[in-house]
Amino acid sequence: MNNLAIEFLGVKFENPFVLGAAPSTDDLDMVRRGFEAGWAGAVLKTTSVPGTKVEIAYPMLASIGEPGKKFCLGNIDLISVHHVDEVAKRVEILKREFPEKVVIASIMGSSKEEWQSLVRILEEAGADMIECSFSCPQGNIGEEPGKMLAQSTQATELVTSWVVGARKKIPVLIKITPQVTDIVEIAMAVKRGGADGITASNTIPALMGIDIWTLKPNPPVNGKSIYSGLSGPAIKPITLRVIAEIARYTGMPIAGTGGAMDWRDAVEFMLVGAHIVQYVTAVMFYGFRIIDDLVTGLQFYIEKMGFESPEDIIGKSLPHIAWSYDELPIRKVRSRIDLEKCIGCGNCYIACRDGGHMAIEFGEDRKPNVIDERCVGCSLCKEVCPVEGCIELKPVE
Amino acid sequence: MKTLILENQRSYSFVKKEAERCLLCYDPPCTEKCPAHIDIPGFIMNIRSGNLEAAYHKIVSANPFANTCGYVCPDEVLCQSVCIRAKLDEPIRIRELHCFVTESVEHLEIEMPQKTKGKKVAVIGGGPAGLTCALKLWEKGIEVDVFEKDKIGGIPVVEIPSDRLPQSAVERDISKFRLLGIRIHEKTEVKSLSELSNYDAIVVATGVTTRKLDISGIDLEGVIDPKELLRSYKKGRKEITGKRAVVIGGGNVALDAAYVLKEMGNCVIVTYRRELQYAPSWTKEKVLTFLKGVEFMYLVSPVAIKGEKRVEAVEFVRMRLGEPDESGRPVPVPIEGSNFTLSADIVVPAIGETAPDIFPELERDDKGYVKTDSSYMTNIEGVFAIGDITGKGGTIVEAVAQGKSVSEAVINYLGRAR
Chain B
1 MNNLAIEFLG
11 VKFENPFVLG
21 AAPSTDDLDM
31 VRRGFEAGWA
41 GAVLKTTSVP
51 GTKVEIAYPM
61 LASIGEPGKK
71 FCLGNIDLIS
81 VHHVDEVAKR
91 VEILKREFPE
101 KVVIASIMGS
111 SKEEWQSLVR
121 ILEEAGADMI
131 ECSFSCPQGN
141 IGEEPGKMLA
151 QSTQATELVT
161 SWVVGARKKI
171 PVLIKITPQV
181 TDIVEIAMAV
191 KRGGADGITA
201 SNTIPALMGI
211 DIWTLKPNPP
221 VNGKSIYSGL
231 SGPAIKPITL
241 RVIAEIARYT
251 GMPIAGTGGA
261 MDWRDAVEFM
271 LVGAHIVQYV
281 TAVMFYGFRI
291 IDDLVTGLQF
301 YIEKMGFESP
311 EDIIGKSLPH
321 IAWSYDELPI
331 RKVRSRIDLE
341 KCIGCGNCYI
351 ACRDGGHMAI
361 EFGEDRKPNV
371 IDERCVGCSL
381 CKEVCPVEGC
391 IELKPVE
Chain V
1 MKTLILENQR
11 SYSFVKKEAE
21 RCLLCYDPPC
31 TEKCPAHIDI
41 PGFIMNIRSG
51 NLEAAYHKIV
61 SANPFANTCG
71 YVCPDEVLCQ
81 SVCIRAKLDE
91 PIRIRELHCF
101 VTESVEHLEI
111 EMPQKTKGKK
121 VAVIGGGPAG
131 LTCALKLWEK
141 GIEVDVFEKD
151 KIGGIPVVEI
161 PSDRLPQSAV
171 ERDISKFRLL
181 GIRIHEKTEV
191 KSLSELSNYD
201 AIVVATGVTT
211 RKLDISGIDL
221 EGVIDPKELL
231 RSYKKGRKEI
241 TGKRAVVIGG
251 GNVALDAAYV
261 LKEMGNCVIV
271 TYRRELQYAP
281 SWTKEKVLTF
291 LKGVEFMYLV
301 SPVAIKGEKR
311 VEAVEFVRMR
321 LGEPDESGRP
331 VPVPIEGSNF
341 TLSADIVVPA
351 IGETAPDIFP
361 ELERDDKGYV
371 KTDSSYMTNI
381 EGVFAIGDIT
391 GKGGTIVEAV
401 AQGKSVSEAV
411 INYLGRAR
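Chains B and V, in that order, give the protein sequences.
Start counting the first sequence at 1; every next residue gets the next number (this note's numbering).
Start counting the second sequence at 1; every next residue gets the next number (this note's numbering).
Hints should not be assumed to be uniformly reliable.
Cβ pair distances, simulated, as ranges [what the hints assert, rightly or not]:
{"hint": "1", "chain 1": "V", "residue 1": "Glu-20", "chain 2": "B", "residue 2": "Ser-111", "range": "47 to 53 Å"}
{"hint": "2", "chain 1": "V", "residue 1": "Arg-21", "chain 2": "B", "residue 2": "Asn-3", "range": "29 to 35 Å"}
{"hint": "3", "chain 1": "V", "residue 1": "Gly-42", "chain 2": "B", "residue 2": "Glu-55", "range": "48 to 54 Å"}
{"hint": "4", "chain 1": "B", "residue 1": "Lys-332", "chain 2": "V", "residue 2": "Ser-104", "range": "46 to 52 Å"}
{"hint": "5", "chain 1": "V", "residue 1": "Gly-42", "chain 2": "B", "residue 2": "Arg-241", "range": "24 to 30 Å"}
{"hint": "6", "chain 1": "B", "residue 1": "Ile-56", "chain 2": "V", "residue 2": "Ser-104", "range": "20 to 26 Å"}
{"hint": "7", "chain 1": "V", "residue 1": "Gly-42", "chain 2": "B", "residue 2": "Ser-309", "range": "53 to 59 Å"}
{"hint": "8", "chain 1": "B", "residue 1": "His-357", "chain 2": "V", "residue 2": "Gly-328", "range": "51 to 57 Å"}
{"hint": "9", "chain 1": "B", "residue 1": "Gly-363", "chain 2": "V", "residue 2": "Lys-371", "range": "36 to 42 Å"}
{"hint": "10", "chain 1": "B", "residue 1": "Glu-7", "chain 2": "V", "residue 2": "Leu-88", "range": "43 to 49 Å"}
{"hint": "11", "chain 1": "V", "residue 1": "Arg-21", "chain 2": "B", "residue 2": "Asp-262", "range": "19 to 25 Å"}
{"hint": "12", "chain 1": "V", "residue 1": "Glu-20", "chain 2": "B", "residue 2": "Lys-341", "range": "38 to 44 Å"}
What the hints contain is simulated information worked out from the structure, not anything from laboratory work.
Every residue gets a Cβ at the ideal spot worked out from N, C-alpha and C, and that includes glycine.
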């Protein structure tokens, strides 16, 4: 068995799988069970200074997709209702009971004093790392209601420097939002502020849907709703892009989060630059038990690929992302349909006829035929084909 | 047999999942295979988006007996048998999706037809074929009279056991015909075509009668016509009970008869001259009958029914399978000296059907069915024949399909005749 241990910001993780800040980490017993199940660490749900008003509206969740097969989850959750005094106690207990596990405290403040006192209290309590929530979609930075901290480069740099200024030695992570014009500018501000790493990224502001029969949006809070933070498989491609951009332009160590559901997603996050991966939606849907598949799956992958440790895969795919469209090594490809595998449904024909280049004929024998002169190789036929491996895009001379 | 959608869980989200398995094939083979040519991918797309009214409209406009067919269509040989999804995993449960739609949507507004064209057509027989034909003619503005010797609806109403086909479903199909401008004459038997000489065209769709088993003892008390048995069972008469019943034949009517005899509390044995796999009944029917506790005896053929006044026993001869006949099934050949008798109180010979002995002016084929040309016209101009009486009936949906086709042929004919 490969050892999945990985070092991130000088802290040793037994594997790269960490519970993200969420309801799953807002209860001592739940975190205990998460650790017992095998998670390497946990980001405790974001806490605040005593007196901060946190009144969560319920129901706070809405999702899209089939029962048992949701492709996203949206929440209008807020930070923890437990203030830092309580969370500090939990940090102490968890570190005492699970000295090998990584306990990360997530914080959100509204002034320099608040941010700094939160850091001091939690470092004192024994937290291994601090994560600063600059991106709670429901939070704000006071002077600009509705705007997240991480949507302003100035505020991001300033607050980062406050937090870094208050810590003695524990690493500081800044959790940012993908909802910005240029993620690199924000990441650079985090770097200038002196943070050790970035958590990329948070949920994405979204409207979860409207009940067309009542005209009311979801989730319904007594007839009204508000924008949700979108998570789950739907946002994974966005997270991947954000991680890749930050890794490439800033070189900062990254905790990847946002849409990872299984070990393959973690591998992808790591291939574009994440060091560890946080899971929230997957745990909320399937429970702490998924850690078993994450660990064995990653072990299988590393072994199969001939790597030594998870660290070997970090950033491995970045060189394959072109810096610009012009840099793409374009070559001609054509659709090639394996008629042995083809079941004759005609979906490729319809798609190409109405959404492609009218380059597929459909015969009386229910077999498609690609007209090479018309085929540009767009791959729409492959995307709609229900048979795996039936249609390939192959280079032509 | 459990049906996934209708019996396990009739929730929309469950049905939607099945609908989402549909590949929505181009030039769909299912629609082609459906005798009524229901736009199957079309209504499945409607189900997916929760547009059940549109799905219902698609189904019912193609098949006026949609509520009935949702239960009794032999999906294994029709739409589902050619489902392309089967090449990936399992065919789409098309009939059940169809049934979900017809069971979910309450009613459909009836569009009144264009102005009458001044033509009059008589339809003899108010079964699925006759009624569908009448409806399609009426929709085109033709005046229609339907003459039915019993009550309208045909086989689904009077014969198919309610255990297989809920009466409420048939009622939904039948009731709409009563709301239309079609003149329906129930309990009205047409004795001779000459009674209808004032019509521009006549469509004969009377259905069939049971073929008589030609062996000694067939007239003994206790020999029951399967159609009569099914009809009386459907009327709620269940007095035959505690008897030893022998059903002769392996078709769907034989199995239905066996099913209801068992249901009434008899000891039932189905006897068939080939092996069960060659019996002309749907697999589902066979399984249902077997699970009901009916016994089967294969490779036996009746020789005589024994008894003084009442049936006491049936003498059989054992058969072996010979060379295939034109249907591709092996011909059963009697094994000499293998005769044996089976005690019985009731005998139901259900060995097939034959065209009724009516309207002698209509030319028949060698099997006794009314002969028609490719446009369903008989040897007499203006007289058309469809359904079981032509030997081309079969399932309800096939009767419906013929009703649709003949209406077009009649309209063409009326256009020419003008």
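Okay, the hints, checked on the actual structure:
1. The beta-carbon spacing between V:Glu-20 and B:Ser-111, approximately 52 Å, falls within the hinted interval of 47 to 53 Å.
2. For V:Arg-21 and B:Asn-3, the Cβ-Cβ distance of about 43 Å falls outside the hinted range of 29 to 35 Å, so the restraint is violated.
3. Judged by the Cβ atoms, the range 48 to 54 Å given for V:Gly-42 and B:Glu-55 holds: they are separated by roughly 50 Å.
4. Separation of B:Lys-332 from V:Ser-104 is about 51 Å and conforms to the stated range, judged on CB atoms against 46 to 52 Å.
5. Here the CB-CB span from V:Gly-42 to B:Arg-241 is close to 39 Å, at odds with the stated 24 to 30 Å.
6. Separated by about 39 Å at the C-beta atoms, B:Ile-56 and V:Ser-104 break the suggested range of 20 to 26 Å.
7. Separated by about 55 Å at the C-beta atoms, V:Gly-42 and B:Ser-309 satisfy the suggested range of 53 to 59 Å.
8. Distance hint check for B:His-357 and V:Gly-328: the Cβ-Cβ separation is about 47 Å, which falls outside the suggested range of 51 to 57 Å.
9. For the hinted restraint 36 to 42 Å between B:Gly-363 and V:Lys-371, the CB-CB distance of approximately 38 Å keeps it satisfied.
10. Taking 43 to 49 Å as the suggested C-beta distance range, the pair B:Glu-7 and V:Leu-88 conforms, at roughly 46 Å.
11. Between V:Arg-21 and B:Asp-262 the beta carbon distance is about 23 Å. The supplied range of 19 to 25 Å therefore holds.
12. Here the CB-CB span from V:Glu-20 to B:Lys-341 is close to 22 Å, at odds with the stated 38 to 44 Å.
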